[in-house]
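These are the residues of each chain, in order.
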Amino acid sequence: MEFVVFVVAAAGALAGGVGVIASRTPVRSALSLLLVLGNLAVMYLLLSAQFIAALQVIVYAGAIVVLFLFVIMLLHMRTGEGRVEKLRWQRPVSYVLSGVFLSALLWAIWTGTGTQVATSPAGFGTVESVGRSLFTTFLLPFEIASVVLLVGIIAAVVVGRPVVPPSARAHLPPPE
Amino acid sequence: MIIPAQYYLTISAVLFTLGMVGVLVRRNALVIFMSIELMLNSVNLTFVTFARQLAAIEGQVAVFFVVVIAAVEVVVGLAIIIAIFRTRSTVDIDDVDLLRG
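Going line by line, the protein sequences match chains A and B.
Sequential numbering of the first sequence, starting at -4, is according to the numbering used here.
Sequential numbering of the second sequence, starting at 1353, is according to the numbering used here.
The shape of chain B in the complex, shown without the other chains (with noise of 0.2 Å):
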């Protein structure tokens, strides 16, 4: 059988909501990027789906384009938590508040 689009795209919201909610509870710094890889992933499976459904190779390209980017998130936000590490001695992102009011 032929599985409907609709399938692929409850995963797809689930999962994004899933990292949403990462980013929004957890506090260690890496885990909370780790939810944001969640998130661009579901978005990506979403992009599939529809080049799919739609049978348009665009989206896929989009897909190619949002795995470079998120390739260099990775690289300098963990660049970035190296160095917060390295002068706060902390990933908790609670103890990095120098903007709080």
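Isolated chain A (complex conformation) (with noise of 0.2 Å):
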């Protein structure tokens, strides 16, 4: 039963990774990221983590996808690509080098030693068990993310506001 489970989302998070690239509208590479986001976060609750998978639904698939989507909207229609390439090799090269890396990788993996999962503790992934490490060992990580939020919304505010051209700012009010 697990092993289907496995094979489904496996195969539907291979279908949106390929469904990323593939798209020709970025609005159904945006479909696709989140069949992949949700197949993931299949895989994460069959790993015994609950906590993770429940953050992966909330953050990646109800924020940073729809925030995606949003600007997408916003930049309607002209977001295709142009039909020069100029540079002609690297699309070759490319699927070359991915492959050479994808040999790499799978090799080291199924090489490898320490094949057989542990047997998880009970209680592991949950929010309890990882809270508790969140707000010891990782304490200060932790407050430092916040700070590296907030950073964040302020440069999207910064870096996204409109321009004012110099001539509408002689009618701006002085600054206090």
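Check each hint, because a few of them may be wrong.
What the hints assert, rightly or not - DMTMM-like cross-link-like pairs, simulated, lysine to aspartate or glutamate; straight-line CA separation at most 25 Å:
#, chain 1, residue 1, chain 2, residue 2
1, A, K81, B, D1449
2, A, K81, B, D1444
3, A, K81, B, D1446
4, A, K81, B, D1447
As the list claims (entries may be wrong) - Stretches of chain A that chain B covers, calculated by requiring three or more beta carbons in the stretch to come under 8 Å of a beta carbon on chain B:
#, stretch
5, -4 to 4
6, 9 to 22
7, 31 to 42
8, 151 to 157
Rather than coming from a laboratory, the hints here were simulated on the basis of the structure.
The beta carbon of each residue, even a glycine, is placed where N, CA and C say it ideally should be.
Starting from two chains that each stand alone, build the complex the way the hints lay out.
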């Protein structure tokens, strides 16, 4: 039963992965990304990582993909790729190098040791166990992550604000 | 049956390679960004697999931080893409070649 769920999730994730890079329109890429994220959440559940699975659905599927869709909507229609490629050799070279890279990864995975999966202790991967680790051992990184989030918000506002032309700036009230 | 860790790692490796191909081959900045997300997610799967295999919760904590940083990265990156689009009316990265020698 577990294996069936794994096979279905794996097939969905791989199909979505192909869809992300092969779709003609960015909207389909974003929805394929959603497919990958959902199937990965199923895999996290299989790996007894309930908290991470919930986090995946809420943050990735709920926030990041929606953000992508908003930006695609904002830049509608004019997001196509040009016909002319400036670096013609880039495409075949990247296919070859990616193939080599994948073979190296698979070789490392299938010849490495330590294949058996340990039986996870009770309560492994719950909000309690992850939270306990997060608020004791990893308290400082946790706080730094919140600062990084704040910096990200400020950066998005600063970078994304409309550019005021110099002629219009003259009519603005002087800064305090 | 218990699924061996290699199966998960194989899925992760294939997803990472797909993301890499997407970054190298596509020229739409948004799709490149999604490919980067794909790579981050494949690494997350590796983290969770090893956390389960070694019964160590630290792997899942690492995934938590990756998700947080990925959210920040997407927000800032999309803001940059919008800023580029405002000034040059394109998201094709071949058209943004000011640094080209």
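Evaluation of the provided hints:
Distance hint between A:K81 and B:D1449 is fulfilled; the C-alpha atoms sit about 10 Å from each other, no more than 25 Å. With a CA separation close to 11 Å, the supplied pair A:K81 and B:D1444 stays within the 25 Å bound. At most 25 Å may separate the alpha-carbon atoms for a hinted pair to count; A:K81 and B:D1446 meet this at roughly 7 Å. For the hint pairing A:K81 with B:D1447, the CA-to-CA distance comes to about 9 Å; that is within 25 Å, so the pair holds.
Counting residues of the stretch -4 to 4 of chain A whose CB lies closer than 8 Å to any CB of chain B gives 3, so the stated coverage by that chain holds, three being the minimum. For the stretch 9 to 22 of chain A, the stated coverage by chain B is satisfied: 7 residues place a CB nearer than 8 Å to a CB of that chain, which reaches the threshold of 3. With 7 residues having a Cβ less than 8 Å from any Cβ of chain B, the stretch 31 to 42 of chain A passes the three-residue criterion, so the hint holds. Given a C-beta distance limit of less than 8 Å, the hint that chain B covers the stretch 151 to 157 of chain A holds, as 4 residues qualify and 3 suffice.
Violated hints: none; the structure is consistent with every hint.
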